[in-house]
Amino acid sequence: MAISAATKAATDALAANPAPVSVGAQEVHRWMQSFTWDFDKNRTKYSTKYKMANDTKEQFKLIAKEYARMESVKDERQFGSLQDVLTRVDAANRVHPKWNESMKVISNFLEVGEYNAIAATGMLWDSATAPEQKNGYLGQVLDEIRHTNQCGYINYYFAKQGQDAAGHNDARRTRAIGPLWKGMKRVFSDGFISGDAVECSINLQLVGEACFTNPLIVAVTEWASANGDEMTPTVFLSIETDELRHMANGYQTVVSIANDEAASKYLNTDLNNAFWTQQKYFTPVLGMMFEYGSHFKVEPWVKTWNRWVYEDWGGIWIGRLGKYGVESPRSLRDAKKDAYWAHHDLFLIAYALWPTGFFRLSLPTPEEAEWYEANYPGWYDMYGKVYDEWRARGCEDPSSGFLPIQWFIENNHPIYIDRVSQVPFCPSYCKGESTLRVLEFNGKKHSFSDQWGERMWLSEPERYECQNIFEQYEGRELSEVIAEGFGLRSDGKTLISQPHTNKDGKLWTLDDIKKINCVFSDPLKAL
Amino acid sequence: MSIEVNGGRRGLTDPEIAAVIMAAVPDKPLETQRKMNYFMKPRGKRVNEYETLCCYTQPTPDWIPGGLDWGDWTQKFHGGRPSWSNESTEMRSSDWLAHRDPAFRWHALYVKDKAEEWRYTDRFLKAYSADGHVRSIDPVWRDEVLGDYLGAFGFYEYGLFNSHSSVVRDCLGDTLRMSSAMIGLDKVDNAQMIQAERTFLSKLVPGFPESTDIPKQEWTQGSIFKGARELVQDIWQATYDWNEILFSGHMICDPLFGQFVRREFFLRLSSYYGDNLTPFFINQMQLYFSQTKGITTDMFHTCLGTDVEFGDYNNRLMRAWADKWLPRTVNALKDFMGIYDTIPEIKGVSDKAAIEAALVRVFADWKRDFADPINYKVDTAALVKTVLSGLK
Chain A
1 MAISAATKAA TDALAANPAP VSVGAQEVHR WMQSFTWDFD KNRTKYSTKY KMANDTKEQF
61 KLIAKEYARM ESVKDERQFG SLQDVLTRVD AANRVHPKWN ESMKVISNFL EVGEYNAIAA
121 TGMLWDSATA PEQKNGYLGQ VLDEIRHTNQ CGYINYYFAK QGQDAAGHND ARRTRAIGPL
181 WKGMKRVFSD GFISGDAVEC SINLQLVGEA CFTNPLIVAV TEWASANGDE MTPTVFLSIE
241 TDELRHMANG YQTVVSIAND EAASKYLNTD LNNAFWTQQK YFTPVLGMMF EYGSHFKVEP
301 WVKTWNRWVY EDWGGIWIGR LGKYGVESPR SLRDAKKDAY WAHHDLFLIA YALWPTGFFR
361 LSLPTPEEAE WYEANYPGWY DMYGKVYDEW RARGCEDPSS GFLPIQWFIE NNHPIYIDRV
421 SQVPFCPSYC KGESTLRVLE FNGKKHSFSD QWGERMWLSE PERYECQNIF EQYEGRELSE
481 VIAEGFGLRS DGKTLISQPH TNKDGKLWTL DDIKKINCVF SDPLKAL
Chain B
1001 MSIEVNGGRR GLTDPEIAAV IMAAVPDKPL ETQRKMNYFM KPRGKRVNEY ETLCCYTQPT
1061 PDWIPGGLDW GDWTQKFHGG RPSWSNESTE MRSSDWLAHR DPAFRWHALY VKDKAEEWRY
1121 TDRFLKAYSA DGHVRSIDPV WRDEVLGDYL GAFGFYEYGL FNSHSSVVRD CLGDTLRMSS
1181 AMIGLDKVDN AQMIQAERTF LSKLVPGFPE STDIPKQEWT QGSIFKGARE LVQDIWQATY
1241 DWNEILFSGH MICDPLFGQF VRREFFLRLS SYYGDNLTPF FINQMQLYFS QTKGITTDMF
1301 HTCLGTDVEF GDYNNRLMRA WADKWLPRTV NALKDFMGIY DTIPEIKGVS DKAAIEAALV
1361 RVFADWKRDF ADPINYKVDT AALVKTVLSG LK
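Residue numbers (the working numbering), protein chains in the order written: chain A, 1 to 527; chain B, 1001 to 1392.
Quick caveat, the hints were computed from the structure, so don't treat them as lab data.
Mixed in with the good hints, there may be bad ones.
Label-pair ranges, simulated between beta-carbon atoms [as the list claims (entries may be wrong)]:
{"id": "1", "chain 1": "A", "residue 1": "Phe486", "chain 2": "B", "residue 2": "Gly1044", "range": "20 to 28 Å"}
{"id": "2", "chain 1": "B", "residue 1": "Thr1013", "chain 2": "A", "residue 2": "Lys525", "range": "23 to 31 Å"}
{"id": "3", "chain 1": "B", "residue 1": "Asn1086", "chain 2": "A", "residue 2": "Val73", "range": "34 to 42 Å"}
{"id": "4", "chain 1": "A", "residue 1": "Gly475", "chain 2": "B", "residue 2": "Glu1016", "range": "48 to 56 Å"}
{"id": "5", "chain 1": "B", "residue 1": "Thr1013", "chain 2": "A", "residue 2": "Val73", "range": "41 to 49 Å"}
No farther apart than 20 Å at their CA atoms in a straight line, the calculated lysine to any residue pairs in the SDA-like style are these [what the hints assert, rightly or not]:
{"id": "6", "chain 1": "A", "residue 1": "Lys493", "chain 2": "B", "residue 2": "Ser1088"}
{"id": "7", "chain 1": "A", "residue 1": "Lys493", "chain 2": "B", "residue 2": "Phe1039"}
{"id": "8", "chain 1": "A", "residue 1": "Lys45", "chain 2": "B", "residue 2": "Phe1039"}
{"id": "9", "chain 1": "A", "residue 1": "Lys525", "chain 2": "A", "residue 2": "Ser400"}
Sample of chain A residues facing chain B (criterion: CB under 8 Å; computed from the structure) [said to hold, decoys possible]:
{"id": "10", "residue": "Phe39"}
{"id": "11", "residue": "Asp75"}
{"id": "12", "residue": "Lys385"}
{"id": "13", "residue": "Ile409"}
{"id": "14", "residue": "Asn412"}
{"id": "15", "residue": "Pro414"}
{"id": "16", "residue": "Arg489"}
We treat Cβ as the ideally placed atom computed from N, Cα and C, and that holds for glycine.
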């Protein structure tokens, strides 16, 4: 069309139809796939054994400004609730103290996962070749920043408004002291960002987000609400609306490599390793946080796990990927066994090491013990009677001079750390599936608690060299470690962590710990 | 009462549950320090909300300066490369967590601004179309410059956008990571706004092509963007040091080439050719440029350039990087001079004297804001002369 004719046509068109015209997000997005170009150096900086297809599409077709509009609307609702009605009804002071403590851990540890997912999806944005696929990962990068801020906001809110700010107000500084931290870093941090880019996507999106965010971010809201906490559902359900996009990204990652020969060779092994990596920590820790970190219970963790992990993810979600050759992980059966007892085993250890936490832990009350026994027959004989003994020895009382870790030592039940998952276990006193395996490499001993982690280590020991807390602290006295790790309240003497949440109970101080003279030792050296 | 709660009963509103909870809640708060992150050193007088929500979210060990964690990585890359490492950049810092976005934008504030811009864009386009402004655009400017060359410039923005992916993966600080992602998103937003303008024009002007085919051909095969394309490709894919990517993109390339193309070509000239649509979009891009400049000058000048231990070394390195990237940027501008051959000349606006004045403005701004703070000696007159040699 000649130029002058085009101007005339525009004039005529306006005369015929002067209705206002704009541009929709989808009208821009449909050109997205053509935004890139080929050039010699166009390659990812993060190697992967898979080849991601050039024409992969994304399911949530967003452009930058539409993304911002959508998220902003959600933010208005969420922060409006938090800052207005929940503050006016003093909601943070109407949460059960046990749950207040759980949120110190849940929110901060989830924050770490969200934070590392920023980097993880940055890597995937780099690795993908299709602009739409890059765009999907980009949206997730921004979402993960949002979630990092949101998780921080929970701790910020509880610190400012709630009943016990300690731990909420400094979790980012004190979280590294205790036995739960390193394992959390494996699943929520390094597992997302260190490795083959697609393997990291499988860890993050296909397992972490598609499998464990349901119990972590959705089920947790039921437990929170039952225990008086309406802040967490307000924030976490808003987070979950973005997770759908992330699950779609994981799905598209598999679609993008489906026709690659490498997928038939490696995909199911990578999926199995990712699933075991994630479940090894989340299965016991989530169960522990829900059941032992609450007073009011929603349902036994094993039921939640079975519904979300075994049936919904292992069956339906993975089933949908079956056409791409994806199979349910071989380790799923072993994980199912862990879902019954592993969180009880872990709480026994976590409580024994309570001074290294940044939160208060509580022994089960008699009515809670009754609930455990009803839902986990045999619980009392294994765990309940131990807690009764600890309580009788004054484990909650600072003047007792008794720390439950002494019970493990006295009864010759050494606690080891699994080198690959960094999860502590006590092979001589557990009902879960943990068994002790010890291997030597480069003059150093390594303990493992299961065959799946041991296999990962045997294939690539150089990936799992991290010191565990017993190696790090060996020979050091407990109160020194706590002080060095900033485990004290603002008075400079009272511990942030405590072995009870009784409103009238005495609080332990650093001096109380010092008197006991508890010195760390590395159990591997005794072997 | 039973401690198993089902049927959606909520502890805040169910009287029976609430009574149990309130009986357990301490009579007074157990801790008096209610400020989250109270232990950190704020940029201003006190820790603000941005610092509360963003700072120390990164779990790096203390051997990466600024980190609060200890020990090793729990999982590494195949072969044992660490998750994050000081070796990922030639820059040195005594605190990789020191950077602050001068606007203190955490995610909610960032998307709120952009959401408002999107709503306003929608309202503006409706008013613009109903008013019939499109009739006044010079046909050559509209069909060749906006249709082809503005479209081609979208690839420049898209390429720079992609250069942020590895920065977001590799950088060593939390606020750095968040800022890098946001300035990256602004770049793809620029590319999308360019396409939005072209799609909008195609709705108003029958026959105006919204396809990216011709712009891509111009970008990949034409002479006007040849230098820019090679420059962007090198920043995006041939550079592995995440600081060098940010420095080359935001401290050299975009303040010179990007600024000239956006501000001195499209923004300044458009109104002379009857185009008051393009300034609407370019002004948004200029807002992003301004915000990005605040971020990257904080990273490189405020933090790295004045680092007590490594400031001198970092400034030397920045000068070396400037030596590397400035000639390529000047070359990109020289190639871009070819665009003036495609438009009708307007005396005092698009003639050689006006182009030279525009170049002088851009180079003077760059020298003041980017070169002088790192004590980089540069003869801007000579650079302008080199660029002008590209005029036909």
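How the hints compare with the structure:
1. Phe486/A x Gly1044/B: 20 to 28 Å: With a Cβ separation near 23 Å, Phe486/A and Gly1044/B satisfy 20 to 28 Å, so the hint holds.
2. Thr1013/B x Lys525/A: 23 to 31 Å: Hint violated: Cβ distance 54 Å, outside 23 to 31 Å.
3. Asn1086/B x Val73/A: 34 to 42 Å: With a Cβ separation near 41 Å, Asn1086/B and Val73/A satisfy 34 to 42 Å, so the hint holds.
4. Gly475/A x Glu1016/B: 48 to 56 Å: With a Cβ separation near 52 Å, Gly475/A and Glu1016/B satisfy 48 to 56 Å, so the hint holds.
5. Thr1013/B x Val73/A: 41 to 49 Å: violated, 26 Å
6. Lys493/A x Ser1088/B: At roughly 40 Å apart (the allowed maximum being 20 Å), Ser1088/B and Lys493/A break the hint.
7. Lys493/A x Phe1039/B: Judged against 20 Å, a Cα distance of about 16 Å means the pair holds.
8. Lys45/A x Phe1039/B: Violated, at about 37 Å.
9. Lys525/A x Ser400/A: Not satisfied, since the Cα-Cα distance of roughly 30 Å exceeds 20 Å.
10. Phe39: holds, 5 Å
11. Asp75: Holds, because the Cβ-Cβ distance from Asp75/A to chain B comes to roughly 5 Å (cut-off 8 Å).
12. Lys385: Violated: closest Cβ of chain B sits about 20 Å from Lys385/A, beyond 8 Å.
13. Ile409: violated, 24 Å
14. Asn412: violated, 28 Å
15. Pro414: Violated: closest Cβ of chain B sits about 21 Å from Pro414/A, beyond 8 Å.
16. Arg489: holds, 6 Å
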